[in-house]
Every structure is written in structure tokens, then in C-alpha cells.
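Protein chains in written order, with this note's numbering: chain A, 114 to 381; chain B, 16 to 150.
Read the hints as simulated data drawn from the structure, not as lab findings.
Don't take each hint at face value.
Below, computed lysine to aspartate or glutamate pairings styled on EDC-like, alpha-carbon distance capped at 20 angstroms [what the hints assert, rightly or not]:
| id | chain 1 | residue 1 | chain 2 | residue 2 |
| --- | --- | --- | --- | --- |
| 1 | B | Lys114 | A | Asp150 |
| 2 | A | Lys168 | B | Glu72 |
| 3 | B | Lys137 | A | Glu171 |
| 4 | A | Lys181 | B | Glu63 |
To be clear about the criterion: a stretch of chain B counts as covered by chain A if any three or more of its residues have a C-beta under 8 angstroms from a C-beta of chain A, and this derived list gives those stretches [stated by the list, open to error]:
| id | stretch |
| --- | --- |
| 5 | 44 to 51 |
| 6 | 64 to 76 |
This one's a predicted model, so the numbers in the text were calculated from it and none came from an experiment.
Just so it is clear, CB atoms sit at the ideal spot from N, CA and C, and this is done for glycine as well.
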Amino acid sequence: MHRLLAEIACTLLLALMIASIYARQVSITSLMVSEIDVSLVRFVTRSRLFNVVFKVSEVWRVVEVYEKLFNETLSFKLLPALNLTLAPTPEGVRVYVRGWSGLVVPFVNISVSRIRGCELLEYGEGVAELGYVDLRMDYDSSDIYVIFACIERLYTFSLLAPENLVRHWYEWEGGLVRNESRVERVFLLVPHYRAPIEANFTVVEGALDVEEEPGTVAYLLGVEGGWVLVPRLPVPYNPPISKPRELFKYLICDLEGVGYALVVEVGG
Amino acid sequence: MTSYELVVSVNVAVAVMVVISTVVVNSLITVEAVENEKIAELALARLEDIVLHAAAEAPLVVEVNLAEVVFRPVEVEVNESAMAVRVRGIFATAVRSSKLPSYLRFNYTGLLPSRSLLYFTKLGGTVVVNVRRGG
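Kindly generate the complete structure, drawing on both the sequences and the hints.
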């Protein structure tokens, strides 16, 4: 009798223990199986991507936050608001205008400046009614093309330049151009203007402090042996890492009162 | 059953029980550690979200109730430039911390009260957060 009671008690105790362990397991299983990915939220808050209007330094800070903290967990692209591409045709060049989803954006005012050195070689403008516009100008892959797109108050731009002319010398923290060669002249690229504008500059601790015009997107520096292009904005920023898109947002980069629309795409 | 057989069978039973209990306890510790880490990660991200959003809107007063931030009791420790979340369990404790952006600093060091008022004020280019115990 005692033996039977002891066996029943042991069995009950064992069953109770197993049940309590299962109860605890069940209470935390939902968290175990669920994936908590907070990278995107943290990236948005850290980079202040919840804002809409950004200064130049704030745009660069977004890129810096991405590169320092999230370049392994997220993908990140910073692009012009519209996909502007240029293709040579027998009569000149054709500028294609698309949204980043591939859709045609109708009735976009387009202007293209073809620049060699600091001189404007050609200028063309037109309206891309159904996704493209043909302009009568020559195409040379060694020249700089500034494509400017405008719909009402939305302005965006794309700079096409050969890789060997581009220098990433802009220091966003101080707003200076840290030149590695002696600079003789500085011109500004403002998409609202047809031609580059010459600018005054002073040398501050070995770097150039340029007097920018509102809307300056890049500098043309006359250095020994030619001209180089120094972009002021990290656009396009398109690292090779690719992940499913989780955030797609338009933002305005305010350059001394002139706002350019850009697009941020973050994948996670 | 001889006494020798009895001793052997009891020893085998004890050994099996010890092995099973070890496996169960280990799995419980692991599961709890993972759970706590996830909760800490979640709580830290949510708190960062609150603090950085509020900093962007400064001057502002925000009432924070930790019980509404995450469903498990957590300890939040802040100092001038960092924030850490600690989740204590029976077997395992998890800590997640992050450095605050340079434009934001807490004028407070120690554990954040479970209900607190955060006063965000702008001083030059910096946002300073003062902490008061909430009602």
C-alpha cells in the first residue's frame, strides 16, 4: 500500500514538474520563434530620417550613420527623386524620366547642360511628356552633363560625369573642400542655371571655403592639369548590398533655400 | 531483486534524472537568455525611438511609463551619453546598451524611474534631457 502511494506521489510530482516546465516554455515560445528586427527603426531614429527637410550636413549624417552602424544589417540608397538617364541618339540625346518604380512620370520639364572644363558647350531644354525628351546636343562620355528636372515646385537633378573627373573632397562637417591639389579657380554647378558660375573662395586651414550660390550641388575646381568635379551631396549613394525594400521616402535637401527632392530607399 | 540489483537500478535512475534535469535546466537558461535579449533589444529600440523623436521636437516634455514601453519589467539606466536596458530573469540577465548621438545628452545619471517625465530642452546645438519622477 505504501509502495503504491509512493509511486503515485512520485508520478504526480514528475507530471507536475514537466507541466510547469512546459507552461514556462509555452509562455516564452512566442518570443523564441518570433524575429525581432529593430534595425530599421533604429536607423530611422538615429539618422533622423523622420524629418522631411534636410540640410546638406544632415544628408551626409544619414550616410555616416548608415556606414557606421547599419551597413551590415540594412541596405540603403540615396538617389534623385526621379530616375533620369541619358542616351545618345543619331539626332542628339534622349533623356528618359521614370519614377524609381519604373512608372512614366508625365510632363516633366527637363534641361541639360553639357560642360567641358568650366565652359558650357551646349544647353538644351524640353518637356518629357511621356517619359522622355529628345534634345539636339552631342554626346561625349568625357563631358559633364547636368540633368535638371522640374515638376511645378519639385526640383531634382542628376550629375553625369566620368569617374576620372570626380573627387570626393567635400567635408560636410565644416562645409569645406579639402583639396589635394592646388586650386586656381572654382566654379559652382547650380542646376537652375545653364552654365557654371565662378565663385570666390578663401583658404582655411588648407581647405577651400567657397562662397556658394543657393542651390549649389557641385564644385568645378581648376587644378593643375585640368578640372575636377567635387559633388556636394552624396547622391547617388548606391552600395552593392541589396535587401527587400522596407522604407521608401522622398526628402527635400535644402541648399541655402533651394530644395532638391531626393529619394531614400532602405531595405532590411 | 537482490540488493545489488536494487542499488544499480537506483543509481541508473538517479543518473538518468540528473542528465534529464541538466538538459532541461540548460534549455530553460538558454531560452530565457534569448528571450531577455530580445526584450532588451526591443525596449532599447523603443526607448531610443521615443527619446530621439522627442529630441527632434524639443522643447518638449514627455511622460514615459516603462510598463507601456515593453511588457516585461525592465531596468533602464542612463548617463550623460549612453542608455542601457537590463532585463532580469530567474536564470539569465540580458543587457543592451547604446551610445546616444552627440547632439543629445541626459542631465541625469542612474536608473530611470518606472514613470518619469523627460524634459527636452535645446541649448545651442545640443538637446539636454532632464528627468523628473512622474506622478
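We went through each hint and held it up to the structure:
Of the supplied pair hints, the one linking lysine 114 (chain B) and aspartate 150 (chain A) holds, its CA atoms being roughly 19 angstroms apart against a limit of 20 angstroms. At most 20 angstroms may separate the alpha-carbon atoms for a hinted pair to count; lysine 168 (chain A) and glutamate 72 (chain B) meet this at roughly 17 angstroms. Of the supplied pair hints, the one linking lysine 137 (chain B) and glutamate 171 (chain A) holds, its CA atoms being roughly 18 angstroms apart against a limit of 20 angstroms. The suggested pairing of lysine 181 (chain A) with glutamate 63 (chain B) holds, with an alpha-carbon distance near 17 angstroms, which does not exceed 20 angstroms.
Residues of the stretch 44 to 51 of chain B with a Cβ under 8 angstroms from some Cβ of chain A number 4, which satisfies the need for three, so the listed coverage holds. With a threshold of 8 angstroms between beta carbons, the proposed coverage of the stretch 64 to 76 of chain B by chain A holds, since 4 of its residues qualify and at least three are required.
Taken one by one, the earlier hints all hold for this structure without exception.
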